[in-house]
Amino acid sequence: MMKKLVMSVSLAALMLAAAPLATPTFAQDIKQGGAMIVTFKDDISTLDPAIGYDWKNWSMIKSVFDGLLDYKPGTTEIIPDLAESYDVSKDGLTYTFKLRHGVKFHNGREMKAADVKYSLERTCNPDTQSPGAGYYGAIKGFDDFQKSKKDLAGITTPDDYTVKIELAHPDATMLHLMALNFSFVVPKEEVEKLGPDFGKHPVGTGAFKVSEWTSGQKIVFERNKDYYNKGLPHLDQITFEIGQEPVVALLRLQKGEIDIAGDGIPPAKYVEVTQDPANKDLVTIVDQLQTGYVSMNVTMPPFDKVEVRQAVNMAINKDRIVKLINNRAVPANQPLPPAMPGYDKSYKGYAYDPDGAKALLAKAGLSDGFTTELYVQNVDPNPRIAQAIQQDLAKIGIKAELKSLDQGNVIAAGGKKDGAPMIWSGGMAWIADFPDPSNFYTAILGCGGAVDGGWNWAWYCNKDLDARADQANAMTDPAQADARATAWGKIFTDLMKDAPWAPVFNEKAITIHSKRVAGPNGVFADPIHIPVNYDEVYATDAQ
Amino acid sequence: MGYILRRLIQSLLILIGVSIITFAILFALPNDPARQVAGRTASPSQVEDVRHQLGLDLPLPAQYARYIAKLAHGDLGRSYIQRTQVSELIGARLPASLLLMLGAIVCELLIGLTIGTVAALRRNTGFDQGAMVGALFFVSMPQFLVGYALLYVFGAWLGWLPLSGYGSFRHLILPALTLGLLGGGWYARMMRSSTIEVLRQDYVRTARAKGLSRARIVLVHVVPNGLLPIIAMIGLDIGYFMSGIVVVESVFGWPGIGQLTWQAINQIDIPIIMGVTLVAACAIVLGNLLADLVAPLIDPRIKLK
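If you're matching them up, the sequences are chains A and B in order. FYI, the numbering for the first sequence is -14 to 528, going by our numbering. FYI, the numbering for the second sequence is 6 to 310, going by our numbering.
No lab work stands behind these hints, which were simulated from the structure alone. It cannot be assumed that every hint is accurate.
So the derived label-pair ranges between C-beta atoms look like this [stated by the list, open to error]:
hint, chain 1, residue 1, chain 2, residue 2, range
1, B, Ala161, A, Ala464, 54 to 64 Å
2, B, Ala161, A, Asp403, 45 to 55 Å
3, B, Asp80, A, Ser74, 44 to 54 Å
4, A, Pro326, B, Ala70, 48 to 58 Å
5, A, Asp72, B, Glu53, 35 to 45 Å
By construction, the Cβ of each residue, glycine as well, lies at the ideal position given by its N, Cα and C atoms.
Sequences are here, hints too, so could you generate the full structure?
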């Protein structure tokens, strides 16, 4: 191990010596300039921060707009952005943000406190149809505002550069919510002028302006020369080319025509590309805040018996499934992914043990096994994974019939109380919107999600854990952050005693970029920005 | 005149039928649009709010009436995912698709007519047999396979043509060829048999007996007459193209409505699926109508009945 490390260090030193111009060592040495091309297969949907909610527009919106807070590049650490500083009251009910002076929207007007209030109200207003509105339910007066649509009482602006947010009950995720796209600041006059088309003509305060948008073809980002954060962004221009099949994008990348294949490496090419030594520095493997799991509906016999659910956990050979998808994941033993605060490294989970699983089934009075159904989304590799699970279950006597359906039907079945006994979550798996463990509980394992049309497909409802979740969410003092993470971690490992899920793996994102672009702070492995933090990436030919 | 009127009324009835079928798509697809728009953090009451805003809580006939009323104003609705007017999305992509279809028509005529005519003139030779097997091959090959093969050979391997994209004549060649090869294969076979038919006609024998040159006989007497059944077919091609562009545009990254359709199907973006279906159906009805109306102008033997 040591020898390998020494070798790679000397290799890196060699490379530095060979290309001294291409790799500035410190962020402040990076010269601005240059351009890059990113390709995507599908259209970019709206860039309206209140509405955009897919993995492509998510990072693009972060470069056009800003929020009060942000994450330190390459990490999940919260830092001030449009807010210069912030203060949380002792009881965790009042958040006061002091705004930066002189930040300008792309239209030249200065951003002020009223804009922050307007933007949050816009997201919470049902007329906006924001998929993120539900996150802000803790703000005082939220329910009234959803009906009256006039003045969200919990948000006040004592002066032009101060925003005060009062909560009805403590919510430790509040700071994350102020770094979330749905809270990003938009100028009222532009939104009112453009109406629902604001998402195609976005105006923010961010590092880039949208200078051209040809539907179905390309979007061009131009550097915002008045960006408040001097030195950023590094690139003058980013062109997003739309409509390129991932296989073709990869070919073009290898020919040097493009810089980032936004959809990543197609599964069929994965082994070939990652094992080519020429790509060693160009391929990045990123941990995602994602867990693939088998949910077991605790209201449908025999999954109402905890032994049965534990047996399923022990029957699934996770290593084999990870190999099946070319090691593009790591085996999981708890709902939280390893990159999430609160992940319990010491927790062992249910080890692979078919004999133990059989014994548990026998204990539950099911020594002859039983017949059930496993729902799965019909897009590769999910049916293959479900087949592997099916084979594993067959070994302990559970005959699971595969229900391979399109995504909509699987989600619909999961949201009905007697809809689906088991679901393999692949393709629809929960990817966290923000790096906080609560994001993995409330909707998908809490009582609130166990409703018609909800996302709690296991229909698991543990009042005791719900109460502990509320307690953890009330720990709003930043000094309690570690204690809170631990409390959350314990909630998930305790939940695993009831085994409503069989966690299978945590997927990794794989990106590939050209030699023309590079970046500091693990820019290609950023947990918040996929495929890359557009503000931080720089052009090697501009150095 | 009565015939034209009758055909127009028929076409209109077909379009009304199409609008009902398109409307039914909204309910046939396994998806709850209100939930899709409201997002996963929405409470049940928020979802109902969105359902009301989208008008999805109205009784069926009222929803259909609303749909038709909007349609009459050229309003195809707003995409659930892109949140843009569907008419705008289709409008932005239509020119690319029309250009691609035009290119494909040129390709299929060039390929089909030359190969078909030559094969007919050299009947039962090696060329004839080879050409007909080749034509059958391209008629039977899935277009995405042909597309990727052409892309790999001419784009990646030889590097003569761009790998994908839009904007210049060079970009058009491979997708137009891929889309046109299927029709080209058909036309080669049709042109061959219709030319053989014409070659047997009395007027060709007379022309030959008069001592006309072979080139003149072929170009003036044989080809124009052999062409007639094919011209009638071009109008019908629009239907094949409408399905073909979904595949071809996706392979070549061609920004037309085929690519839009494929995306919308994958994302279950119902307003786009409805809009594209309607536009495609209109195009096919219009294509058939044109073919019927134009045929008598080209061949006086066909009478309007």
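Right, here's what the structure says about each hint:
1. B:Ala161 x A:Ala464: 54 to 64 Å: 57 Å, holds
2. B:Ala161 x A:Asp403: 45 to 55 Å: Holds - the Cβ-Cβ distance for alanine 161 of chain B and aspartate 403 of chain A, about 52 Å, lies within 45 to 55 Å.
3. B:Asp80 x A:Ser74: 44 to 54 Å: 49 Å, holds
4. A:Pro326 x B:Ala70: 48 to 58 Å: 53 Å, holds
5. A:Asp72 x B:Glu53: 35 to 45 Å: 38 Å, holds
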